[in-house]
Amino acid sequence: MHKAFHPLSLHVPEPGCRPGDEPDFSEFVIPRAGEARKPAHDATAQSMRDMAFSIVRVLNKEGEAVGPWAGDLAIDQLKAGLRHMMVLRAFDARMLMAQRQGKTSFYMQSLGEEAVSCAFRMALKDGDMNFPTYRQGGLLIAGGYPMEMMMNQIYSNAADPIKGRQMPIMYSAKDHGFFSISGNLGTQYIQAVGWAMASAIAGDTKIATAWIGDGSTSTSDFHAALVFASTYHAPVVLNVVNNQWAISTFQGMARGEAATFAARGHGFGIPSLRVDGNDYLAVHAVAKWAADRARSGLGPTLIEHVTYRAGGHSTSDDPSSYRAKGESSAWPLGDPIERLKTHLITLGEWSTERHTQAETEVMDEVRAAQKAAEANGTLTSGKSPSSRDIFEEVYAEMPPHLIKQRQEAGY
Amino acid sequence: MHKAFHPLSLHVPEPGCRPGDEPDFSEFVIPRAGEARKPAHDATAQSMRDMAFSIVRVLNKEGEAVGPWAGDLAIDQLKAGLRHMMVLRAFDARMLMAQRQGKTSFYMQSLGEEAVSCAFRMALKDGDMNFPTYRQGGLLIAGGYPMEMMMNQIYSNAADPIKGRQMPIMYSAKDHGFFSISGNLGTQYIQAVGWAMASAIAGDTKIATAWIGDGSTSTSDFHAALVFASTYHAPVVLNVVNNQWAISTFQGMARGEAATFAARGHGFGIPSLRVDGNDYLAVHAVAKWAADRARSGLGPTLIEHVTYRAGGHSTSDDPSSYRAKGESSAWPLGDPIERLKTHLITLGEWSTERHTQAETEVMDEVRAAQKAAEANGTLTSGKSPSSRDIFEEVYAEMPPHLIKQRQEAGY
Amino acid sequence: MRMTMIEAIRNAHDLAMGADDKIVVFGEDVGFFGGVFRCTAGLQEKYGKNRCFDAPISELGIVGAAIGMASYGLKPVVEIQFADYVYPAYDQIVSEAARLRHRSGGDFTCPLVIRMPAGGGIFGGQTHSQSPEALFTHVAGLKTVIPSNPRDAKGLLLAAIEDPDPVIFLEPKRLYNGPFDGHHDQPIVPWKKHELGEVNEEYYTTPLGKAEIVRVGMDVTILTYGTMVHVAQTAASEAGIDAEIIDLRTLVPLDTDTIEASVKKTGRCVIVHEATKTCGFGAELSALVQSSCFFHLEAPVTRVTGWDTPYPHAQEWDYFPGPARVAQNLKKVMEV
Amino acid sequence: MRMTMIEAIRNAHDLAMGADDKIVVFGEDVGFFGGVFRCTAGLQEKYGKNRCFDAPISELGIVGAAIGMASYGLKPVVEIQFADYVYPAYDQIVSEAARLRHRSGGDFTCPLVIRMPAGGGIFGGQTHSQSPEALFTHVAGLKTVIPSNPRDAKGLLLAAIEDPDPVIFLEPKRLYNGPFDGHHDQPIVPWKKHELGEVNEEYYTTPLGKAEIVRVGMDVTILTYGTMVHVAQTAASEAGIDAEIIDLRTLVPLDTDTIEASVKKTGRCVIVHEATKTCGFGAELSALVQSSCFFHLEAPVTRVTGWDTPYPHAQEWDYFPGPARVAQNLKKVMEV
Ligand SMILES: Cc1ncc(C[n+]2csc(CCOP(=O)(O)OP(=O)(O)O)c2C)c(N)n1
Ligand SMILES: Cc1ncc(C[n+]2csc(CCOP(=O)(O)OP(=O)(O)O)c2C)c(N)n1
Ligand SMILES: [Mg+2]
Ligand SMILES: [Mg+2]
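Residue numbers (my numbering), protein chains in the order written: chain V, 4 to 414; chain B, 4 to 414; chain F, 4 to 339; chain R, 4 to 339.
Hints were generated in silico from the structure; no laboratory data involved. Quick reminder that beta carbons are idealized off the backbone N, C-alpha and C, glycines included. Treat the hints with caution; some may be incorrect.
Unchecked claim - Which stretches of chain R does chain F cover? Using the computed rule of at least three CB atoms under 8 angstroms from a CB of chain F, they are:
(1) 129-138
(2) 272-284
As the list claims (entries may be wrong) - With a cut-off of at most 20 angstroms between alpha-carbon atoms, the simulated PhoX-like pairs for lysine-lysine come out as follows:
(3) Lys-267/R x Lys-213/R
(4) Lys-213/F x Lys-407/V
(5) Lys-335/R x Lys-407/V
(6) Lys-268/R x Lys-334/R
(7) Lys-335/F x Lys-268/F
(8) Lys-213/R x Lys-407/B
(9) Lys-213/F x Lys-268/F
(10) Lys-213/F x Lys-407/B
For reference, chain V alone in the conformation it holds in the complex (with noise of 0.2 angstroms):
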């Protein structure tokens, strides 16, 4: 009665190209700048459920913004935009050098992917607590935390606001909205929808945003958050940094090669869309639509950032050993800052000249920062935080077992 059936077999999925192929982004499709509607901000997930399928995009070939989700901002604050991307760029440089110097243990920058978090913070007021990932340094930069004190972390050095307790970029800027940053994956996905929904308790105004990897979503946090934050409506933006790689597996290996990251967000009724995520004006009108969905108490977006990791994982691998060479500059979404430049450039405000003048600005910045937090130490010479400081705040106060370890240390 059963028809015969074949043996089966495993299908392990695999990108397109490793070392050696050549890149081809051929079967990425990538819709025109100004071609996606942009929904009113009670649209329905299943009313807007064609946006986790395509991708916002503002900016197009020639530079110019346009579409519907154009037009939010005005020339200084691009302008800022611009700057602050290229102050993340120098920053992440001459980390990884100081890394390479042997200054710090480890680094991990945001190459490439500058404007999904430096455009996202744009959208965002103060008071608003954001829930980020390694990568989301522009958080910081953009909402105008101090250089120097990220680097203080970097270096673990005497002025660490955290206390040489974690790896370098672990940030924690409670005043600047920025959470703590954990090294285990996902797990702030659902604490920002916890965060969203006491601020809703409290009957608040301040909004969480969630920020997680593209492989990182196959983490169980990441389900529990979009469970908790569909039941509570919580006001939450969750984003989705999808810039197709996790270590050395690319973005299939969690997606399922099927649909897309956005999409998850409709087995949960939450209005999903992606966007350009090296498209500063895309990615801040999104961040501005989803943020303002959230305070007039309409729940959560999910928001996919289509992005490019342009650089290693982190100062522990060599993705040429893993990535096909030239992937990188095969990316057809391109860089965000050479976008934004052209943008400005095409609208007169702009210039080839300035740009270099402002890089050379920058990088002064940077050092001046660079120079000013080694003069607090670095984690391998000058001054550094005190051993007395592995056993505070374990507890708020010292419990007695603490303390006669403390003695027994010597501190």
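Assemble chains B, F and R with the ligands onto chain V, guided by the hints.
Leaving out everything else, chains B, F and R with the ligands in the frame of chain V:
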């Protein structure tokens, strides 16, 4: 620039009715029987998206089997199906009473959901493996597993195949394709996917089925299962039994009152559909369709079985304290046994008299099994498993420290 | 007023919520239904759905969301339906709640209480009987509390709620209704008829980190907590041994002073707990006692515990370290 | 042939997979990339994507799927990228893998190896440095193994793979390239220049449950495992103390005979591990030793461990129990 925002507030889902309210299912949209189309086996998730929002139904009000999902089963199979459900219901009734009589510690029945497990089992082949929850005893009954063995387990008696180690209804029957039930909700879901992956790795033709309740879709294991099933195209059927209630919380608590449980599959590109869980023919047809997909190497399918938990959650709770009186009888999809009975009568293959007679036969059969089982003891009297058994099978070979502890225990 | 342990816990919630609107209570079935053990009954009605509500079946989600709420400035008190189901939340507890204050240099904190019914004695088999305290006491940054009677349950819970750090609050479910002493074939005395069921209706706290000597004795010190406090008392009486019994109440931070003073006095020490033996909290107690009281010990420190096996259903009373097993070990220790 | 510990582990995988096609290897980045520590490099190329493959970032998924595979009849050997990330899988390990054989009456079994790099010494801060062994040794149904050199790593891993039950296999990542002795300011000797880097290329197993005496001595017994085996050796030499050092290799089941014989001989016992002290595996060792060797002990059993705090980044060497701290405790114990 920003408009003023009102204080936020927390949304907490609540069921439409609670004790004292009039049961009301008027907002529950029920498509007509026969209406749902039957996609090709290799249909994509995208192409059959609507089916996660509709309900596959075969039996209409008149008891006729209609539409493209009808027609699979011969009269004998229908009669066998009716018998299985009647046995399961009688079994439940007897065991519930046995628990009340103090013959065991606990019981959980499948009342109202008999079609789901009974019909599904008939779409599987020997060698396939089910990863059930505690409400799929029908997989065993319909699979021909001896009732007496189930009762031995429920009684934790001397013939209990799992040696008194687990609470009642935590069966394990490998030879009957029934994975050891866990008390921890959800864990079996990803294990089923792993088993299916193993079958694919081994080049086997067997498939796995995973079972989970509506409430338990919130667990982390549910997400992991969807991720792994979609990534590796595992030959597994992922079942969600939406019986409207977790313990005291309604399905909207896990679902966020939006989309459907079936729609959770879409974010993973998994073909997903809903079926009338009280319609034996519909469940069987959908199960067969999904099982064939898996066996043909087309990967996972997600099935939401829409049904109703007509009894209490377990013997430990009294549903009248959290559910409206009469909700069960107001449930619009009816009773699975009544519906199949009516169908057979409509076909001229059954009658009220034969049904009553069958009820007597079934009850005799169950009683006989119970008598046989009780000869092996109950939890509180007669023969019982050995106390030595506590120490056995913790490991394949008893390590020295357990030998020592067993000696200390005096066994 | 006489209360069961359930009523005492409910009363503690009520007083805390009344005093501080930052306190929110949630978990599976804790809202409308009031919890499967009824520990939160009435709270939703009194304080509203914003302050006491049901949660989806995700222990990870419950604890993860609570951490976020705590970092916002609320004080969540969450219920895990059974301690056996806490493991899905284990990562959030050990990697996040326990280390947030330390890792952020005090920038963020995590005042949070995680309540859960624990322990055996109710024919719950392997998934409704576990005593996982040692899995928390090993983790720096957590406090772990286990009351043994209604009076302490209330005071300790209120102290836990006031505490600025995450507290694991294990409730011996076998004690919810009365002081079970391990004689499962005898009816229990309900708390209403027991002096420790006498609970002051006012707000009070019982400090964390302070043990209580529940029976003064000269011959041997019994270190125990939770249900075993009652089992140990019965065992000592039945064995006719002049045991000093210490109810630890808080495992971290531990009241080492009280322990040391007692063992130095008696020269003998027996540790009793329900959890599996290997690496149980008894191991830590034994290590501490032999180190701090080495020259006073007249016999090896002895542990009476659950066996190193899963908790069985039918053989519950062969697994559970009841009064006979405790008494036998007390006698053995006295013979050295 | 001289091998690093990484090469020895890779070699063990290779031999096992060659001998038995039921063995499948997977985890995050273990396929194409060969693992972030390269322990599985080359396996995918040699055995195909069906036998060695990458997994999504879900430790729960990895272990949960592996349990399903094991119950089917395969033998999964999975990698958790860092032991610090095992907690999302904790429920699947303790509630499922550990109890499946027992709870199903032997109907289903769970032959499964869960490998993970553990321990500190690489400036990994609190999320790349943990030693969570005690969280597994407390759980009945699991075996826990920690090698201290390439020769044992290979033999123990092959024994773990042959074992019919779930085995937690902790790899001290600081030993991957050489026998780190805690002198972080000195270059390490690579395994290629160390005799324990000498690894037989053939298939061999090192039995689980057997400790090794790595240094014979008369004055004090040091019980240790993993990285601390090397630290302890250096500490003993530097302190000039005639210590007998036991590399436990397997924590559960434990080689109590070897431990007992040694402590009865020396009369003193120092336990050394990296993990936090409270309820660490040292607590169990201390409890066992004082109970079995009570009348032979001349000094309290002493534990030298990581502090009861999160593992810090900058202050790594103040946290890590290095040779100076071990030596100081050895001297103290000798003075009693
Ligand atoms: C729970 C957990 N598992 C594994 C790791 C190791 N790990 C660190 S980063 C990373 C890849 C993350 O990829 P993705 O989420 O895409 O973020 P991206 O680095 O691309 O920003 C992995 C596997 C971890 N930190 N935590
Ligand atoms: C991890 C875990 N959390 C909580 C529980 C307690 N519990 C047992 S059944 C249940 C409700 C399950 O509801 P659902 O998934 O809808 O299944 P149903 O009982 O309706 O078949 C709960 C909360 C558990 N067994 N495991
Ligand atoms: Mg990524
Ligand atoms: Mg249900």
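Here's how the hints hold up against the structure:
no. : hint                  : result
1   : 129-138               : holds (count 4)
2   : 272-284               : holds (count 6)
3   : Lys-267/R x Lys-213/R : 18 angstroms, holds
4   : Lys-213/F x Lys-407/V : 17 angstroms, holds
5   : Lys-335/R x Lys-407/V : 17 angstroms, holds
6   : Lys-268/R x Lys-334/R : 18 angstroms, holds
7   : Lys-335/F x Lys-268/F : 19 angstroms, holds
8   : Lys-213/R x Lys-407/B : 17 angstroms, holds
9   : Lys-213/F x Lys-268/F : 19 angstroms, holds
10  : Lys-213/F x Lys-407/B : 35 angstroms, violated
Checked against the numbered hints given earlier, the structure breaks only hint 10 and satisfies all the rest.
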